[in-house]
Structures are given as C-alpha cells and as structure tokens.
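Residue numbers (this note's numbering): 15 to 97.
Hints are not guaranteed to be accurate.
Claimed, not checked - Simulated restraints, written as ranges between beta carbons of each label pair:
hint	residue 1	residue 2	range
1	Leu17	Glu48	44 to 50 Å
2	Asp86	Asn63	29 to 35 Å
3	Arg91	Val32	52 to 58 Å
4	Leu78	Ser22	54 to 60 Å
5	Gln50	Leu17	46 to 52 Å
Keep in mind the hints are simulated off the structure, nothing from the lab.
What you are looking at is a predicted structure, and each value in this text was computed from that prediction instead of being measured.
For glycine and all other residues, C-beta sits at the position ideal for the given N, C-alpha and C.
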Amino acid sequence: MALDPRWSLALFRGAVPVALGLLLWVAIAGGEQERQHTVKAQPEGDAANLAQRRRHNELIMAALREAAQTEDNVTQRQVPWRK
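Working from the sequences, and respecting the hints, build out all of it.
Set out below in structure tokens:
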C-alpha cells in the first residue's frame, strides 16, 4: 500500500500553524518572569497600598453581595460620593 503524497503535504500544512503557535507561546512565556519581577519592584507594591486595595475590593464585593440579595435597584440609591 503506497502512501499518497498529499498526506505529507497535508501534515506539513497542519503542523505549520501549530509550530508557529508554539514559537509565539515560548516567546511570550519567556518574558513573563521578567514582567513579574518588574511588577514586584514597583513602588505600588508596598504593604499599605496593598491593604488599601484589599479594603477597596472588600467594599466592592460587599456592594455586589448586597445588590444580589435585594430586589431594589442599588445603582439608583442616593450615595454620598467622595472623590
């Protein structure tokens, strides 16, 4: 049983996009560790700022929980906004 030459061409055409995707993934993943080191070295990463972000996220989650538990439209409430 002889192999049809179209099989090798089809395999090659199918392997090219996979190989390109793998090369792009390796190129991007290689810079990921450097990016993480850069993010850690930024001044916004101090403990006080992180605590403030956590508190802000807790307030947002509490508002979302309240909105999910009530039938009222919580976006229409009169809230004293601070800037």
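Practice task
Hint by hint, work out which the structure violates, then give me just those numbers in ascending order.
Solution key: none
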